[in-house]
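**Student:** Read top to bottom, the protein sequences are chains D and E.
Numbering of the first sequence is given in our numbering, commencing with residue 51 and proceeding in unit increments.
Numbering of the second sequence is given in our numbering, commencing with residue 51 and proceeding in unit increments.
Think of the hints as simulated: they come from the structure by calculation, not from any bench.
No incorrect hints appear here.
Here are the computed distance ranges between Cβ atoms for each label pair: (1) Gln-84/D - Asp-159/E: 40 to 48 Å; (2) Tyr-172/D - Glu-320/E: 40 to 48 Å; (3) Gly-94/D - Glu-97/E: 38 to 46 Å; (4) Gln-232/E - Lys-381/D: 34 to 42 Å.
Computed from a prediction, not measured in an experiment: that's the story for all the values here.
Beta carbons: idealized from backbone N, C-alpha and C, even for Gly.
There are 2 protein chains.
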Amino acid sequence: MQKKNDLLLRAALGEEVERTPVWLMRQAGRILPQYRAIRNKLSGFKELVQTPELACEVTIQPVDELDVDAAIIFSDILEIPEAMGLPYKMVESKGPLFPKTIQSQADVDALKIADGARDIGYTIEAIRLTKKALNGRVPLIGFSGCPWTLFAYMIEGSGSKTFSKARRMLYQQPEASHQLMQKITLSILSYIKAQVAAGADLIQLFDSWAGILPPQQYAEFSLPYIAQLCDAMDEVPVTVFAKGAYFAREAIGQLDCQVVGLDWNMSPSESRQLIGNQKTLQGNFDPCLLYADQNTIRKEVRKMLEIFGTNRYIANLGHGVYPDTPLDNVKCFVDTVKEYNFSKIY
Amino acid sequence: MQKKNDLLLRAALGEEVERTPVWLMRQAGRILPQYRAIRNKLSGFKELVQTPELACEVTIQPVDELDVDAAIIFSDILEIPEAMGLPYKMVESKGPLFPKTIQSQADVDALKIADGARDIGYTIEAIRLTKKALNGRVPLIGFSGCPWTLFAYMIEGSGSKTFSKARRMLYQQPEASHQLMQKITLSILSYIKAQVAAGADLIQLFDSWAGILPPQQYAEFSLPYIAQLCDAMDEVPVTVFAKGAYFAREAIGQLDCQVVGLDWNMSPSESRQLIGNQKTLQGNFDPCLLYADQNTIRKEVRKMLEIFGTNRYIANLGHGVYPDTPLDNVKCFVDTVKEYNFSKIY
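Just chain D, with the same shape it has in the complex (with noise of 0.2 Å):
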C-alpha cells in the first residue's frame, strides 16, 4: 500500500514539509511517449480532452513516468468559452481558433453563463475517473484560465502577439468587457467548483496573457474577477498564475489566494517581498534550462532551491514544458528536487 504524498497541499498551506514538492507545467503531454503514443491514435486534441478514460489516462501517465508529487488534470482553458458558447477548433501546430468572435454587447448578451457539471461534463468526469485511479497518490490539481485570458481569445479569435482586438475592447467598450468578464467569472467559479466537486484538491488558475495588459487595465480588468474566484473558493487552496504580470505581485499578494505562480522573468527575492509570506510561491525554472546538460540543470535546480528557501514553496517550471524537451532532462529536473539534500541549508 502506498503512502499518502500530500506534500503539494501541505506546502500550498504553509505547514511543515519533509522536502520541496514538485511537478511541471504541462507535463501530461507530448515529453511523454506514452502521451503521443495515445494522441497519435486519436483525431485531433479535443477528442482527447472530451474522452474522460483517455483524459484521465494522460493526466497519471507523469505521476507514473516522472514521479512528481501532482497530477494536473488534462483539459484545456478554452474549454469555458466553448460551453458559454463560443466553440473552438485546434487547428494542429497553429493553436487555437474561434469561427466566431465577440465583437458587440448583442455577441456578449447571447453568451449563456456555462454550468460547470454539465457543460464541460467530461472533464469533471476525468476529474472524478482519476482521482478514484490516483487512490491518494498525490494530489489531483484542477485548473481554469483567468477571465481576462479567456476574454482575450473570445475577441481575438486566436492567439496573437499583442491581442491587440481584445485590448482595443477594454477601451472602447469598457462595459460591455466588465459584463463579458463578469460572465466569464461565473462560468469559470461554477466550473472550479464541479471540480472540486468531483475531487480536485487544488485549483490552478492561468492568467496566460496577463503580461500584455498596462497595470491600470490588469487591475481595473483582470484583477477584480480573480478576486472574485479567489473569495469563493473556500474548499482547497488556490494558485494564482498570472505569467508577465510582474507589476501585478504587490496586489497579487493580496489576494485571498493560498499560492503565487512565478514566471522566469521574476526574481524570486524580489517576488517574495513584493507577495509577502503569508503565499507559497511556484516556479520558477526557465524552461529553456532543460535543454542544457544535466550538470547545469542540476546546479541552476540547486540554486533556485536555495534562493526560494524551504518554507512556503513548490517546485515548477516558469511556464509550461517545451513539448521537444528531452525525457531525461525533465526527470533530471524532478529528481534533483527531490534529492536535494534539504537539512543543509538550516
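The hints should help you fit chain E onto chain D, whose structure is shown.
**Tutor:** Here is chain E on its own, set in the frame of chain D:
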C-alpha cells in the same frame, strides 16, 4: 524659411525645451494613406526598404502629415543579418522568414561581419537623401536591432511566442552564442557609425525580444553587447529600448546612453526611480489607447505628460503604432502633446 526643430535632441541631452517633443514608433507605415499608396505599387516590403528614393519619401511622410518632431529612417532590423550572409524573406501578413538559420559553430564561423556603408548601402543612401530633403526641419533618427534580438531571429528563423530555439542555443552553445553576439555587435556598430556619417542625428537601439530572457541571461548575453555599442557611440545621442526588460531597468540606467525607451507595462515613476535622473525617458502610451475615442486619448495623454514631467522626456508610444490605428487618433495624440499647457505644472 522654416525654423530648425531640435526639440528631440535637446530633450535627449537633458537640455531645456519649450515643449515636450513627440514622435511615434512605426510612424512611417500603414497608418498613412500616402504610405499605402506607395507600398501597394511595389512587389514587397523589401523593395521599399532597398530603394533609397522611396525609403526617403516614406520617412518624410509622417513629418508632413503628422507634424511630429522627428523622422525615423524607413528600414528593417533584419537588414543586418542579411548583410552578414543570412538572407530573409518578408512573408505578407506573416512576418520575416529565414530560409537558412544558424545552428552550429560552423554556421557562426561562416557569417561575416557586415560593413554597414557597403552592405546596407541603400539605407545609408536613404539617410543621405532624407537628411538633405528634411533640410533641418526635424532631426533624423537612425536605428538598429540590438544583438540579442537579431540573434533571436537568426537562430529561430522567424517570429515566435517563446523563441525557445534561440534561448536553447544560449544554454547549449554559450561560446558559439557569444561569438555570434560579438559578430552581430560589430556589424551593428559599423552600420550605425555609417548612419551617423550619413546624417543620422540620434540612434535608437531596439531590443524587441528583451523580455523573453531570464534576467541572468539578459545580463550575460544582451546587456554587455548593448554596452559595447553605447560606449562606442560618442557622436550622437543613443536611445535604448528594451521591450519587456523591466528587470533590467536599473542596469540600463547605467549604460552610456542618453535616452531609455519604456514599454506600456512599465510604470513611469518606478522606471524613473530605477533608471535615475541622468537619462531622458521615452514612451510609453499604450498603442491600443489610440483605438479609444479622442476625449479618452486627450485625457490619457495629459495624464502621461503630467506623470513624466517636462524634463528629460520624449513623448511616444510604448510600442510601434498598430497599422490599423485611425489616422485622426494618431493626430489627436501628437496634437495633444504639442498643445499641452506646459507652464501650468510649474
